[in-house]
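*Asks:* What follows is the residue order along each chain.
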Amino acid sequence: MDTVSPLERVLRGLAITVVILFFMFPIVWIFLMSFQTNETILRVPPSVVFEPTLTNYTALITGKLETAAGTLEIAFMRNLWNSLFLSTASVAVGLLLGVPAAYAFGRLKFRGSEDIAFTLLSFRFAPPLLVLLPLTIYFQKIGLADTYVGLIWVYQLIVLPLILWIVRGYFEDIPADIEYAYRIAGHSWFSTFRKIALPLAGPGIAAAGLLAFIFAWNNFIFALVLASADKQPVTVGALAFVTASGIQYGQVAAGIVLSIAPTFALALYAQRYLVEGLSLGAVKG
Amino acid sequence: MSLKLTDIVKRFKTETVLDGVSLSVGRGETLVLFGPSGAGKTVLLRLIAGVVDPDGGTIEIEGRDMDGVEPEDRGIGMAFQNFALFPHMDAMANIASPLTARRTGREAIAETVGKVARMLKIDHVLHHKPKELSNGQKQRTALARALAGAPQILLLDDPLRNVDAKLRFEMRLELPRLLRSQDATVIYVTQDYKEAMALGDRIAVMNGHGIQQIGTPEDIYLRPANIEIARLFGDPVINLLDVVPEAADGSGGVQVRLSDQPVALVGGYAGTVGTDCVLGLRPEAMRFVDPGTPGAIPVEVEAETPLNEKTVTLTLTQRGREIMVSRPSGMPGPDQGTAYVAVDAKDALLFDRATGQRIAPGAHSPALQEDVA
Amino acid sequence: MTDIMLNIENVDKFYGPVGVGVHAVKGIDMQVARGEIIALLGSSGCGKTSTLRMVAGFEAVSRGRIHLAGREVHMLPPVKRNVAMAFEGYSLYPTVTVRDNIAFALKAARLPQSEVESRVRDVAQMLEITDILDRFPTSVSGGQQQRASLARALIRDADLHLLDEPMGQLEPQLRTLLRGRIKHFIKERGLTAILVTHDQTEANALADRIAVMEDGVLQQYASPAEIKERPANLFTGTFVGEPPMNVFPASASVSAGEILLNLAGGLVLRYPEAEFAPEVRQSILSRGDVVIGVRPYAVHRGEGGAEAQVVANQWLGDQTHIAAAFAESTVVLVEHDRARLSEGDRIRIALKPDDLHVFDPDSGMAISHGRGLA
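From first to last, the protein sequence lines are chains X, G and Y. Here the first sequence stands for residues 1 to 285, numbered as in this note's numbering. Here the second sequence stands for residues 1 to 373, numbered as in this note's numbering. Here the third sequence stands for residues 1 to 374, numbered as in this note's numbering.
In case anyone wonders, no lab produced these hints; they're calculated from the structure. Be careful, since some hints might not be right.
To be verified - Result set (DSBU-like, lysine-lysine): computed pairs, CA atoms no more than 30 Å apart in a straight line:
id	chain 1	residue 1	chain 2	residue 2
1	G	K131	X	K195
2	Y	K107	Y	K80
3	G	K131	G	K166
4	G	K121	X	K195
5	X	K195	G	K115
6	G	K129	X	K195
7	Y	K26	G	K166
8	X	K231	X	K64
9	G	K346	G	K194
10	G	K121	G	K194
11	Y	K107	Y	K26
12	Y	K187	Y	K107
13	G	K166	Y	K107
14	Y	K352	G	K194
15	G	K166	X	K109
16	X	K141	X	K231
17	X	K109	X	K231
18	G	K129	G	K166
19	G	K166	G	K4
20	Y	K187	G	K131
21	G	K115	G	K166
22	G	K129	G	K115
Model, not experiment: these values are computed from the prediction.
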């Protein structure tokens, strides 16, 4: 129906506002907190009126955390860099391995392909802790514990199934005839993969990469167990704010703002791809 | 023979789609693969193209066994029913794709593409992406892409299926000349019997896992191998009536009864007397006549449906059997109620009711055939 | 005027905001008499389905009014309009059998069991779905589902039956037979029906009147014969009719008691002045440039006439389609016997004044048909 009564319009607006408030409130609250000192945050009753301060951010950036019990060294910027490096490298490796594999699973229905694909997906079902314990021991034995390579390897458990399953769907969505047409025109299968399949699955690959990046960025448990201080990402590094003299809410908030900023920016930038990518069937002649 | 298939078998899981298909097509010939959906026409094309492998049998192109030969090495051009254009490339790049594969020079590509595009009247849209093309232009681009590489074998998978009626008609008239100019072996798949008859030098009728009849359009239309094929060709569909031929009084000929009126069968059907048969009468082989005309069959007029160049009347015989009669438009039709129909007995077809096979006149009575001769 | 069942008054349909969105249906005016079968004919996107959905009540009317059986219905929800509809996508209830699908509305109306049964039997027999009545919709073929959906609509006692592409999925052999039966069924019961189709053969075969639509505009609303003989404009003329009407631009002049039609390539058709009615003659000559159209089955081979060279000769069993190069274009002929002609043969083409349709080249509107003004 294209005619909407004024009352309906008002109610609709109201409903949308409520939803937005519900989802945005924590982020806004955190954002506000990051400009306050611990005292103003813990003030009773709480107030939205306060004098903004940048001390939380300066503490994070300089790496010197002022607490009631004195100055504490933290490595937040290092953590941020670790997060960026680990996530990017994991996604890069994941795409390199996952996209050709997804093509194989999508196109060449070989014996057992369904089973293998499902096994890969099932990595996502098991509680990470179940895998972690034996993994830690192995890694210590072969010297991969507390190395970037080891972490990137373990991150494939998160990244690879995601990329594989999303991208596979995209490859399957490309009408097989389009690829046949290219081959019949005289091109090899590899050239067909490069010139037809890859570009047509492009939005899907971008979306899968983006999602995988966010998942990798948000990972906590693998890095907590397998990485020492100098290789920890922000998710683990934020634990440092739980100090002997209490939780540093201001710095935690600032840390959160800084750590969600990159994924947030990325998601905003790639929103179009994500929506386009997640609603399949983007390839139509 | 330019293309030769021998005993091709293809199964999907447990279902047999093609069961022993053999076929040979000469250079410059257009063979139409015709049949209802699910008859395996498209699968057969894909086997020839090499994108699907047969479970048995051999495919030879210009005398060379194609077993293990990749699609890109078979010298084939193919147009798909759904066009299968590369959506991220413009029409030019689409058409040029068979040429880029051979590392043809840029100028030679431009020249060849230009020539093919002019022939198909799409030279003004070469820089458009497929989504900016109209359906007709897409179809022509797909055709141009199939032709651009000057293939020995041209496979056309129902290329006119997805274009509107007017364009389909124009292309139907245009295609034979276009195909002849290619000097290629053409396999053309269609579900439209008119397209099959208009385009095919020969038609292979596929039904139930294989080819049931191969012949010229004339063979297929006038001498269909069985009831199914007779039903597939002709619009409106051929009238099929259960009959038991009987000996005609005195003359020694054979007759059947419609609305209790005897209709003499021309030719030697003597051996069919007393057997269960099906009489096939094309709607255009009957005409309305004045009451009292000798041999006229009384029928009830049910509905008149004007088609384009003809009018079809649905009638009921006195025993309640439906018969469709068609006449060129412009000719006066019957009034409501009872009308009288005359049958051109020489156009009647007779089928064995048990097997569905056509009974060729004279097959049962060599003696009578001599008489006719 | 006869008893009006449906009156569509100046109806518009906009999708999206005015000015930016799509103006899908533009000021359609049409009446349907009780007991009439109407076909809405047009290519995809012409507005025919939008029109049907507005009549059914699935789409709001942006402007205008719709009266059905004397009631104003365009503000009513579908259920209150008393229309029965067969959907293109079938929309059968998957959880009940085909029989219950068909009988659904009758049972809801609390008809006696025996009557429901006999009506289901009749309609199922007519559409040849008796053998699948006790199966579930998902277990039968698309063509059978379509017939079940058609049966469900036709069985109802509604003021209006709306059929959206009712035979699109049927195999051609069955289609020709069912056309005759459905027409008989509708006429026998005195139902009023509107069918939407892109297939002109279906429209011609079933409908008493055809509404030809293009670009949201009702191009012509008339009987099949009228549309064939007196197309209102160039669009209807070339859209309806298979093979399509031959059209050639021409410029008309008069010389020594003859009307000359100058076609492309220096081809001149000459007619004695007397073969055109005075008002037609005047109307054509006053315009000078015109477009002439002639139906393929009205083009005759014979002595005299203009020369043309055969480019295609296609025998289709009961008719022959011949294309010949003519006036820098192609002329198409339909003959009912098999023509013994091969490519390159020269034939002579005669176009009789009685068979000429003349159109205005700018507006596309018809000027004259044969001897009479449009």
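*Asks:* All hints are to be evaluated individually against the structure, with a verdict given for each.
*Replies:* Hints, one by one, checked against the model:
no.	hint	in the structure
1	G:K131 to X:K195	holds, 18 Å
2	Y:K107 to Y:K80	holds, 17 Å
3	G:K131 to G:K166	holds, 21 Å
4	G:K121 to X:K195	holds, 27 Å
5	X:K195 to G:K115	holds, 25 Å
6	G:K129 to X:K195	holds, 16 Å
7	Y:K26 to G:K166	holds, 25 Å
8	X:K231 to X:K64	holds, 19 Å
9	G:K346 to G:K194	holds, 23 Å
10	G:K121 to G:K194	holds, 24 Å
11	Y:K107 to Y:K26	violated, 39 Å
12	Y:K187 to Y:K107	holds, 24 Å
13	G:K166 to Y:K107	violated, 45 Å
14	Y:K352 to G:K194	holds, 29 Å
15	G:K166 to X:K109	violated, 41 Å
16	X:K141 to X:K231	holds, 19 Å
17	X:K109 to X:K231	violated, 41 Å
18	G:K129 to G:K166	holds, 24 Å
19	G:K166 to G:K4	violated, 35 Å
20	Y:K187 to G:K131	violated, 44 Å
21	G:K115 to G:K166	holds, 25 Å
22	G:K129 to G:K115	holds, 19 Å
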